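A.B. asks: In order, the protein sequence lines correspond to chains A and B. The numbering of the first sequence is my numbering, which starts it at 2 and goes up by one. The numbering of the second sequence is my numbering, which starts it at 2 and goes up by one.
Bear in mind the hints are in silico, worked out from the structure with no lab data behind them. Treat the hints with care, as some may be off.
Okay, derived cross-link-like pairs now, DSS-like style, lysine-lysine, Cα gap no bigger than 30 Å in a straight line [claimed, not checked]:
hint: 1; chain 1: B; residue 1: K70; chain 2: A; residue 2: K383
hint: 2; chain 1: B; residue 1: K30; chain 2: A; residue 2: K383
hint: 3; chain 1: A; residue 1: K383; chain 2: B; residue 2: K42
hint: 4; chain 1: B; residue 1: K383; chain 2: A; residue 2: K70
Simulated DEER-style distance windows between Cβ atoms [said to hold, decoys possible]:
hint: 5; chain 1: A; residue 1: A237; chain 2: B; residue 2: A222; range: 43 to 53 Å
hint: 6; chain 1: A; residue 1: H173; chain 2: B; residue 2: R219; range: 18 to 28 Å
hint: 7; chain 1: B; residue 1: R219; chain 2: A; residue 2: E69; range: 50 to 60 Å
It should be emphasised that the depicted structure is a prediction, and the values quoted were computed from it without experimental measurement. The beta-carbon is built from N, C-alpha and C at its ideal position, and this holds for glycine as well.
Protein chains: 2
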Amino acid sequence: MADPDDTALLQDFPSREDGEQLDEDNRLKPAFVDAVRDAVKEGDTGRAYELVEPLHPADIADLLELLEKPERYALAAAITDLMTGEVIAELNDYVRDEMMEALPAAAVATIAEQLDTDDAVQLIEDLQPEDQRAVLAELDPEDRAAIESALAYPEESAGRLMQRELVAVPEHMSVGDLIDYLREREELTTEFWEIFIVDHRHRPVGTCQLSWVLRSPRHVALADVMKREQTLIPVAMDQEEVALRFQKYGLISAAVVDEGGRLVGQLTVDDIVHIIQEEAGEDALLMSGAGEGDINEPLRETYSARVRWLIANLGTAVIASLIIHAFGAAIEQLVALAVLMPVVASIGGNAGTQTMAVTVRAIATNQLTQSNTRRILTREMKVALMNGVTVAVLVGLATALVFTPQLGGVIALAVVINILTAGMAGVVVPVMFDRLDQDPAVASSVFVTMITDSMGFFAFLGLAVATGLTG
Amino acid sequence: MADPDDTALLQDFPSREDGEQLDEDNRLKPAFVDAVRDAVKEGDTGRAYELVEPLHPADIADLLELLEKPERYALAAAITDLMTGEVIAELNDYVRDEMMEALPAAAVATIAEQLDTDDAVQLIEDLQPEDQRAVLAELDPEDRAAIESALAYPEESAGRLMQRELVAVPEHMSVGDLIDYLREREELTTEFWEIFIVDHRHRPVGTCQLSWVLRSPRHVALADVMKREQTLIPVAMDQEEVALRFQKYGLISAAVVDEGGRLVGQLTVDDIVHIIQEEAGEDALLMSGAGEGDINEPLRETYSARVRWLIANLGTAVIASLIIHAFGAAIEQLVALAVLMPVVASIGGNAGTQTMAVTVRAIATNQLTQSNTRRILTREMKVALMNGVTVAVLVGLATALVFTPQLGGVIALAVVINILTAGMAGVVVPVMFDRLDQDPAVASSVFVTMITDSMGFFAFLGLAVATGLTG
Chain A
2 MADPDDTALL QDFPSREDGE QLDEDNRLKP AFVDAVRDAV KEGDTGRAYE
52 LVEPLHPADI ADLLELLEKP ERYALAAAIT DLMTGEVIAE LNDYVRDEMM
102 EALPAAAVAT IAEQLDTDDA VQLIEDLQPE DQRAVLAELD PEDRAAIESA
152 LAYPEESAGR LMQRELVAVP EHMSVGDLID YLREREELTT EFWEIFIVDH
202 RHRPVGTCQL SWVLRSPRHV ALADVMKREQ TLIPVAMDQE EVALRFQKYG
252 LISAAVVDEG GRLVGQLTVD DIVHIIQEEA GEDALLMSGA GEGDINEPLR
302 ETYSARVRWL IANLGTAVIA SLIIHAFGAA IEQLVALAVL MPVVASIGGN
352 AGTQTMAVTV RAIATNQLTQ SNTRRILTRE MKVALMNGVT VAVLVGLATA
402 LVFTPQLGGV IALAVVINIL TAGMAGVVVP VMFDRLDQDP AVASSVFVTM
452 ITDSMGFFAF LGLAVATGLT G
Chain B
2 MADPDDTALL QDFPSREDGE QLDEDNRLKP AFVDAVRDAV KEGDTGRAYE
52 LVEPLHPADI ADLLELLEKP ERYALAAAIT DLMTGEVIAE LNDYVRDEMM
102 EALPAAAVAT IAEQLDTDDA VQLIEDLQPE DQRAVLAELD PEDRAAIESA
152 LAYPEESAGR LMQRELVAVP EHMSVGDLID YLREREELTT EFWEIFIVDH
202 RHRPVGTCQL SWVLRSPRHV ALADVMKREQ TLIPVAMDQE EVALRFQKYG
252 LISAAVVDEG GRLVGQLTVD DIVHIIQEEA GEDALLMSGA GEGDINEPLR
302 ETYSARVRWL IANLGTAVIA SLIIHAFGAA IEQLVALAVL MPVVASIGGN
352 AGTQTMAVTV RAIATNQLTQ SNTRRILTRE MKVALMNGVT VAVLVGLATA
402 LVFTPQLGGV IALAVVINIL TAGMAGVVVP VMFDRLDQDP AVASSVFVTM
452 ITDSMGFFAF LGLAVATGLT G
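Bound conformation, chain A alone:
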């Protein structure tokens, strides 16, 4: 441990022991990773253990992800007793599944028993069905029942994410009763941030922050300390919805209720934070057509996620080609058209992507709803007009200088038309998908690109012909 007076260390690193392993961005240092890699390669398990031992479980998980597959297994074998439930829970889904598939069912069951229900479910849910059955058979009956009932809920639902361990007490208890109850009941979880107050049918009637309990005298009734307004999460709610509620209402934990309104579990924000991050980050991946975009995903899945969008893009490119083809004679007469036409399409594509990205984010964060769609569309058309005029002046002048003033006028007008079209499409396409209950991030790109490409070529070539430039 570093000297407590070493304030430079204190400043730069989250934990006093991490100085040698982590850089200033809290990433594992390449030199450290190489040292572990070398130790593993040389079969020096003692050295590998010694290097890894001071790390936080989240950093051990990161380390395993950074290594290549054979090194990863060798390291895991060298540090078995550091491979705690926490490390496993922090691993990337694909890496974890792969490692679990490689272990015998009994070993997976032993790991699952160390974990909270939610983490155990995560460990088991993506195993092959026969592996899953084998692991479940190895679990003790109580854990098995808990995990099986979680698995009965849809994937990515609150029922899969929740932990069953929680503290729920009746309304008539006093603060003193509660403290005594918590001290006496050794089997209770220590992972809770709020107490749930329930009625005689086990339905939540309020929640109580622990700080309120600690600040109140023993004789006060919980009913007078608790907050009656609460955000209840239905067990079937999708995780994206759950994440939005945690964020919107600034929740630390929330009660999960079944169809009868009975308390069946709790969600805590530390589990939701990952989902908030994933859901917010996935838009960039979805819009680009990269699917989940996980660098640990098996190659075959990555290929199939991406190639379908490339093929869809091919379809839109063919439409653009047909438009160009229709103007083949004009291009033969004036090859400058071929030289300049990608400019119009490309600028429009970029403007469309800008507007689409903004619209998709605003929809995802519930900032854009039916109530303000018209206003946002008007706003985007204004931005498009300003951008369109600016770019058109630049392109038009340059073209007039290099080619002819007429061609400059034609391209300038085509650019304005295409940027306005892009602004319109960038709002309307994602909004339309949202109204159809489709994720606007997934399919908007292809349509917006198709529209801006086609319009780019059509406006430019069409105007050139219409104004007699090629005649």
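On the provided structure of chain A, position chain B as indicated by the hints.
C.D. replies: Quick look at chain B alone, frame taken from chain A:
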């Protein structure tokens, strides 16, 4: 309030009172927004108040954002006593600043005094300097000092985000002492989830979850309950870093320390959740060149954020045009080249964007570091080869059928070359920006597009000429 037996309601809505206002996605219903809008327009402030009163502060903030500017001010005037600090804190930055600029300094000061330091700082930090000074002058001296010292830290740093109110006690206290202390000191905050244990120089030596305190007998020393490993946040740390640590280590709260290692504030996850969401979501906006992409941003700022990328894109389009221009003679001889060349560029652009989006996300989440860059590059080149061959076969066959087998061969080869180039650029460009300490999401797009466009036209037209197709 709904009948507690009405379980359908319970299931669909977070709070039992929200049934008429929120839809199943927890967004304000258009009909509800229209009702408020109508009440405001008709000057029926009583009705407006009645409608808004049951809403959660976060929903009141959403409602204000959905309205147009004049309606927004009229509503705020109609519901002044519902415009609590919580509502103000939940408002979009631009909307809040605009509303605050419209209020007299004394009114802003009154609102600021209701808020925790962190929210008060947020309220004041973006005001015009003279407005800021006027508001500060209206504050009582203690609040002013707290806010001024927060404003002395850099924007978006932990010092700006932290709240000063926290519970810190010495190590020698017992659980019983702590509970007595918490009950007696009425001025203490109730917003805390962990207790910080400090040494005699006020430096944190451990943290203690409240559940641990509640589960332990009175006589136990805090030193035996607390956890000594802790994540300390330096006061100057950037909020993006802070968000990553909260996420990585699953923190609920964390101690903020000054240069001397002394405890100066705390951060709680409910404040960090917004940042996690923003930072993860902004990549999509940055990559598309849409800047912050906030729909409430003033038009002028939106224009200037976007037009610069359109102009940069114009630059890359000019390079592509120069390449096409060099092959002008070939296009005149074979106009099919002009028809097909956008296909090659467009597919390459899409493939490049896919890889770039994946790389940028992996860098942002610390999954891609120097230790595994080579492996990820290899992986992406394999994906590119698989995608390239698939798309090339489709394009090649179609072209062979419609035009000539030779042209089919040329375009197929050009597509493979361009998708491989795109895969390479999609990894190398963002990694390069990251190594140069630049945000890879900001500038990668322009470069990747430039590379795929240029290579698309060059490979296709160059191969066509080289294979004698035009000659």
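A.B. asks: Against this structure, judge whether each hint is valid.
C.D. replies: Cross-check of the supplied hints:
1. B/K70 / A/K383: 17 Å, holds
2. B/K30 / A/K383: Distance of about 27 Å is within 30 Å: holds.
3. A/K383 / B/K42: Roughly 26 Å between the alpha carbons, so the hint for A/K383 and B/K42 holds.
4. B/K383 / A/K70: 17 Å, holds
5. A/A237 / B/A222: 43 to 53 Å: 45 Å, holds
6. A/H173 / B/R219: 18 to 28 Å: Since the Cβ atoms of A/H173 and B/R219 sit about 24 Å apart, the hinted range of 18 to 28 Å holds.
7. B/R219 / A/E69: 50 to 60 Å: 53 Å, holds
Comparing the model with each earlier hint shows no violations; every hint is respected.
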